[in-house]
Amino acid sequence: MSLYYVQKLLYELNRDEDLQTQFFADKDSVLADYKLTEEERLALTTPDIGLLYILGVNGQILMHYAAMCGYAWPEYIQAMRDALEKYGNVRAGLYVTTDGKGAV
Amino acid sequence: MSLVFAGVCSHAPGITGRKHMAARDDVDTFYAALDGMRSALEASKPDALVVISAEHFANFFMNNMPAYCIGMADEYYGPIEDPQWLGIARTAVPGNADLSRRVIQQVLQDVDVAYAEEWKFDHGISVPLHFLTPNYDLDIIPVNINCQGPPLTPLHRAWAFGEALRKACDAVPERIAIVGTGGISHWPATPDSGKIDADWDRDFLDRWQKNDKQQLLAYTDEQTWREAGQGGFEIRTFIAVAAATQGLPARVDYYRPIPIFAVGCTVGTVDLGEVK
Chain A
1 MSLYYVQKLL YELNRDEDLQ TQFFADKDSV LADYKLTEEE RLALTTPDIG LLYILGVNGQ
61 ILMHYAAMCG YAWPEYIQAM RDALEKYGNV RAGLYVTTDG KGAV
Chain B
105 MSLVFAGVCS HAPGITGRKH MAARDDVDTF YAALDGMRSA LEASKPDALV VISAEHFANF
165 FMNNMPAYCI GMADEYYGPI EDPQWLGIAR TAVPGNADLS RRVIQQVLQD VDVAYAEEWK
225 FDHGISVPLH FLTPNYDLDI IPVNINCQGP PLTPLHRAWA FGEALRKACD AVPERIAIVG
285 TGGISHWPAT PDSGKIDADW DRDFLDRWQK NDKQQLLAYT DEQTWREAGQ GGFEIRTFIA
345 VAAATQGLPA RVDYYRPIPI FAVGCTVGTV DLGEVK
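Chains as they are written, first to last, in the working numbering: chain A, 1 to 104; chain B, 105 to 380.
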């Protein structure tokens with residue numbers, strides 16, 4: 001589990017347009033700098049926004065990455081809801097849902 | 105000089121980014137309230153605008169997270185978010201490093217604030233500026249209170265920070281406006297996005313309007329998380345403004361829960377009395 005580094009990568013990506021260009025051209029060249037599990041690597045590269053949410057990525061970091069990956073707002077919310085059904089509640093951090101489902 | 109304007113407003117990205125998905129009346133009335141805030145701000149003829157926000161990992165991460173930070177640059181840049189997604193074009197924003205330096209030096213007398221000579225804005229500052237200084241022609245002093253990555257600063261320290269900031273504003277000759285920006289109850293960036301507890305918000309805003317220090321500082325973070333969501337931690341920005349204007353009543357110019365904006369949309373102004 002290296003949630004810290006998943007979030008750090010997304011933090012760097014979110015704020016650095018040059019890194020975004022590099023990442024989408026060659027993801028492995030960026031991922032090589034971070035200590036990640038295979039599950040985390042897959043969630044990042046797919047991208048599986050829902051799984052990143054379940055892994056505990058802070059919502060304010062993930063929201064920006066979802067937008068960068070082209071998720072429209074309803075798709076982004078739905079991806080998190082679908083992931084709750086598929087994987088169960090958020091595994092770490094502040095963004096665990098209060099009811100394990102999403103209240104809206 | 106001292107404060108010439110003080111207020112609070114919401115900053116959620118949906119306010120600009122999901123305008124097209126909102127009910128017309130919600131957009132019209134909330135935007136009108138923000139326009140009113142801009143008019144009042146402009147009428148106060150400020151030399152600089154201090155924006156106390158709760159940024160969302162645009163500059164600060166858990167490798168070195170300041171509880172409080174003040175920008176100290178002649179120019180800032182933002183938003184970091186995709187401009188189409190946020191509905192705000194990327195732009196340079198003027199700052200005033202010299203004024204920031206004097207403010208920071210004074211704040212340090214009371215609070216160990218960090219400073220930053222680089223700062224990229226995210227929606228936490230870019231959304232308020234989109235409405236309040238749309239021509240980006242007023243010097244901005246960005247201020248951040250960590251409301252996202254726990255451990256968070258206690259509410260009583262947010263109050264102390266607001267007091268320190270006020271003393272710093274009093275100590276410089278410039279005319280200073282101050283705006284705190286955050287959400288009250290909300291569950292942003294979760295499947296619960298759009299959930300808003302209007303009763304909780306109105307109770308908080310009542311405490312804020314009365315500048316009731318004891319009641320404003322009565323919340324625990326556990327209670328806020330449970331009752332008002334992750335976004336509720338941003339009450340620190342409102343509390344800092346209350347502390348900077350302690351003893352003065354305020355009014356809520358606008359409050360309406362707008363779920364597609366994912367926040368109870370708020371505009372509030374502090375009655376500073378006669379300011380010349």
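None of these hints come from the bench; they were simulated from the model.
Treat the hints loosely; a few may be bogus.
Said to hold, decoys possible - Under the rule of at most 25 Å between Cα atoms (straight-line distance), these lysine to any residue pairs were calculated in the SDA-like manner:
(1) K35/A / M166/B
(2) K271/B / R330/B
(3) K317/B / M166/B
(4) K86/A / K299/B
Hints versus structure:
A hinted pair counts as satisfied when its Cα atoms are at most 25 Å apart, and K35/A with M166/B qualifies at roughly 16 Å. As the CA atoms of K271/B and R330/B are separated by approximately 34 Å, the hinted pair breaks the 25 Å bound. For a cut-off of 25 Å, the pair hint linking K317/B to M166/B is broken: about 30 Å separates their Cα positions. Restraint check for K86/A and K299/B: satisfied, since their Cα atoms lie roughly 22 Å apart, inside the 25 Å limit.
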